[in-house]
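Novice: Hey, can you work out the whole structure from these sequences and the hints?
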Amino acid sequence: MGATNYIGQAVKRREDYRFLTGAGNYTDDVTLPRQTHAAFVRSPHAHAKIRSIRKDRALASPGVVAVFTGDDLAASKVGSLPCGWLITDVKGQPMKEPPHPCLAQGKVRYVGDHVALVIAETAGQAKDAAELVEVDYEVLPAVVNAADARNKGAPVLHEAAPDNTCYVWALGDKAAVDKAFQGAAHVTTLEFCNNRLIPNAIEPRAVNATYSRADESYTLYVASQNPHVERLLMTAFVLGLPEHKVRVVAPDVGGGFGSKIYLYAEDVVCTWATRQINRPVKWTAERIESFQSDAHGRDHVTRAELALDKDGKFVAMRVATTANLGAYLSTFATCIPTILYATLLAGQYTTPVIFCEVTSVFTNTSPVDAYRGAGRPEATYVVERLVETAAREMKIDAAEIRRRNFIRNFPYQTPVALMYDTGNYEATLGEVITLADVAGYASRKADSKKRGKLRGIGYACYIEACGIAPSNVAGSLGARAGLFEAGEVRVHPTGKVSVFTGSHSHGQGHETTFAQVVADRLGIPMDDVEIVHGDTSKVLFGMGTYGSRSIAVGGTAIVRALDKVIAKGKKIAAHLLEAAEADIEFKDGAFAVKGTDKKKAFAEVSLAAYVPHNYPLDKLEPGLNENAFYDPTNFTFPAGSYVCEVEIDPDTGQVRIDRFTAVDDFGKIINPMIVEGQVHGGLVQGLGQALTENCYYDPESGQLITASLSDYSLPRASDVPSFKVGTKETPCTHNPLGVKGCGEAGAIGSPAALMNAITDALGVKEVEMPATSQRIWRVCQEFKIAA
Amino acid sequence: MTVKVSMTINGKPASAEVEERTLLVTFIREHLRLTGTHVGCDTAQCGACTIQMNGRAVKSCNMLVMQAEGADLVTIEGIAKPDGTLHPMQEAFRQHHGLQCGFCTPGMVISAIDLVNNFPDPSEEVIRHQLDGNLCRCTGYHNIVKAIKAAAQTMRS
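Residue numbers (the numbering used here), protein chains in the order written: chain A, 1 to 787; chain B, 1 to 157.
Hints were generated in silico from the structure; no laboratory data involved.
Since this is a predicted model, take the numbers as computed values, not measurements.
Some hints could be false.
[Stated by the list, open to error] With the Cβ distance kept under 8 Å, some of the chain A side facing chain B (calculated, not the full set):
no.: 1; residue: PHE19
no.: 2; residue: LEU20
no.: 3; residue: GLY124
no.: 4; residue: HIS680
no.: 5; residue: LEU714
[As the list claims (entries may be wrong)] Cut-off 30 Å, straight-line C-alpha distance, at most; resulting in silico cross-link-like pairs (DSBU-like, lysine-lysine):
no.: 6; chain 1: B; residue 1: LYS149; chain 2: A; residue 2: LYS12
no.: 7; chain 1: A; residue 1: LYS724; chain 2: B; residue 2: LYS149
no.: 8; chain 1: B; residue 1: LYS146; chain 2: A; residue 2: LYS668
no.: 9; chain 1: B; residue 1: LYS4; chain 2: A; residue 2: LYS12
no.: 10; chain 1: A; residue 1: LYS127; chain 2: B; residue 2: LYS4
[Claimed, not checked] Take a look, some chain B residues computed to stay more than 12 Å from chain A by CB distance:
no.: 11; residue: MET7
no.: 12; residue: GLU69
no.: 13; residue: THR75
no.: 14; residue: ASN117
By construction, the Cβ of each residue, glycine as well, lies at the ideal position given by its N, Cα and C atoms.
Specialist: Put into structure tokens, the structure is as follows:
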């Protein structure tokens with residue numbers, strides 16, 4: 001690209017020094033003068049009417065500044081939390097969209113629902129006083145499982161949805177699918193749950209909001225993945241504040257995985273309250289609040305069928321899913337089990353017809369929304385469990401059945417609305433088979449047997465759709481937001497560069513990766529480039545980071561702005577070099593007259609732009625500062641092949657992941673070290689779902705049983721192996737960097753690979769996730785399985 | 001009720017009059033404004049609040065500040081050399097990409113130093129078991145294990 005060569009290098013991260021020395025600045029590290037501390041009174045019941053709330057004892061408690069309830073918000077005309085995606089149901093009717101109050105309005109609908117806000121001088125005083133708020137509840141029966149929500153006589157959460165149904169939605173040609181099933185040589189059927197997960201970023205959500213009477217402005221520090229979206233939703237839809245008077249800062253953020261995308265009640269209530277008391281209001285979640293009130297993930301009940309011809313070619317797929325949305329619609333809840341799920345059911349295969357029906361229901365549980373992968377892990381689980389099971393039933397090798405069905409011609413229009421631009425599935429499968437030493441599997445299995453252990457192998461070949469786009473198509477499907485990204489390149493007079501991006505880094509390392517791209521494009525040292533993000537007062541606009549979109553959408557916006565900088569630089573250089581603009585080329589960090597040694601360095605041109613003495617002022621404005629908004633023409637489609645090998649002790653039910661090999665195609669890779677790190681992390685979140693993690697609500701009381709790290713088992717270092725990872729590069733065809741995105745892949749492909757390995761080892765068709773020792777031991781007992 | 005506490009933190013004396021129920025981590029973060037020590041779970045399960053107390057790794061969210069009376073404490077801010085040069089464990093985390101969002105990192109680094117003090121030449125299995133008190137959601141542990149192995153070698157030589 002130029003004098004520098006950063007793209008493709010494992011450049012060490014510039015973020016690391018501050019994180020390693022305790023110099024990071026997370027929201028809870030922000031202390032504001034005269035700040036107060038907030039505590040939320042939360043519902044102890046899954047479903048109840050509120051008869052009355054008495055504040056007096058709390059107000060008399062030491063240090064208490066104020067106590068607010070839903071009545072105070074209603075009097076102040078604070079609105080309902082909005083949902084950002086309108087789903088239209090099978091009858092052409094809009095989804096049911098009941099109010100989502102920031103503090104309860106007469107009723108609570110899940111354990112942890114927000115009832116009152118207590119503000120005091122210290123966090124301890126606020127928590128003490130929260131215990132003294134007296135709420136008189138009339139407890140109602142609750143329903144927590146998706147499968148029960150539509151039962152006759154089930155408790156009703158919202159008047160607007162008397163059957164607890166948000167929508168019934170479908171995609172695909174049902175008649176064609178039903179017909180194909182009738183003529184099929186073989187049908188594989190599976191019924192399973194995709195278990196509910198609680199994201200558990202290690203940094204709990206936090207807010208510190210402050211108001212200035214001097215200019216009627218607000219500043220909100222918040223652990224968020226998308227500060228501009230947070231501001232837009234809060235000002236325009238809930239608080240009715242002027243957008244330009246609210247600054248939202250998402251400083252260092254300690255992991256998100258989806259859970260910090262959304263506009264939460266706590267963010268709104270603290271921002272509203274800071275003006276009421278004219279002092280800053282700070283709130284940091286305790287871990288139990290993270291469990292109870294962060295948006296959860298997954299929670300599908302699915303029946304899936306795959307029809308095949310006699311040679312193992314897929315002829316049709318039919319899927320019926322009930323998705324649990326929880327008690328209220330979180331910001332993007334409605335598009336996850338629809339737009340980001342059913343559209344992925346073609347996977348890597350040429351299945352000609354697919355039909356999927358999704359019924360999304362309300363239950364007395366925490367709202368459910370995007371969690372790492374968001375719909376795509378659920379789709380991959382459906383496809384890859386079906387494919388592997390079909391291979392076993394038809395006695396076809398698991399790799400071979402996939403090869404017989406791979407899409408090989410691109411671009412490829414799937415029967416579920418997506419157009420894959422490019423891919424090479426054979427390449428990743430071939431590579432993973434080599435890297436995983438599948439050839440040596442038989443002897444390893446024999447060795448396990450000698451030691452009294454069961455060994456199994458499982459594949460998963462996933463497809464992902466990243467960088468959801470374009471905005472107008474998404475809009476026609478119900479999106480209530482744009483899906484572009486913004487970037488600004490500010491070249492300083494000395495040739496140093498500040499880049500402002502609407503993407504947000506909460507672990508992804510954008511300050512390094514994006515700087516690699518900018519430095520290469522401009523041919524200048526990385527040290528001359530800084531990346532700025534996470535502050536609405538600095539960054540022009542941003543849709544934020546989710547859905548593995550940062551490099552593909554945010555990176556491209558920066559590249560577009562860089563193109564404008566270079567184009568203007570050529571005009572300036574042409575003037576300085578007394579040459580025609582068409583004869584100027586930008587190469588190796590300098591503007592040169594083609595075919596001559598006449599040139600001007602990048603910094604000479606930037607200086608001329610800011611000291612415009614010898615400058616074409618009649619034709620060109622001074623300065624060198626450009627921005628761009630990039631709206632992609634399509635999704636990107638990362639894909640990969642994973643192989644998992646497990647060893648199971650039938651006496652204890654313990655599953656040991658012996659080896660896990662992943663080969664991904666992320667298109668062009670900017671920083672392989674960071675990409676590998678993303679894969680490792682994604683893999684463990686996926687393996688956590690399949691092996692240890694499970695959110696459990698008691699079906700009688702509606703209590704969240706797994707509300708602590710003792711009861712909800714996050715994977716620890718000893719639960720997982722080291723990984724073998726490889727990559728193949730099939731560049732994306734519709735963005736200038738050829739990039740696809742890598743943040744979610746690991747979590748998308750790994751649950752199916754692990755469960756395919758476990759079912760292979762046990763010789764059973766289905767085991768529910770998570771495959772805990774107890775569950776596996778029971779299967780071994782039930783089917784009398786021994787090595 | 002308040003109580004007077006005094007101890008040494010990162011080589012300097014620190015003392016204050018605090019509420020009896022003040023947790024050690026609250027004292028470190030809010031009274032001393034050393035915000036590198038993090039609170040991830042407030043129940044001693046995630047390890048983000050790990051600090052050194054009299055040379056051993058302890059979880060500061062699970063102790064009252066009174067229990068640290070007279071102790072010699074080191075937080076993440078005291079791990080690098082005064083001139084800013086990173087400790088070999090910090091350097092190894094940087095070299096091997098053993099951190100992403102950085103939130104678990106201070107506790108992870110301090111636990112890892114303790115681990116190598118106890119097991120100067122740890123195998124992967126030992127590292128993984130000894131890390132059971134520290135949760136990371138970003139890295140999948142792979143590169144943390146690599147970093148600790150590499151740091152152990154540097155710290156031995």
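Novice: Sort out which numbered hints this structure fails and list those numbers smallest first.
Specialist: The structure conflicts with hints 9 and 13, although it agrees with all the remaining ones.
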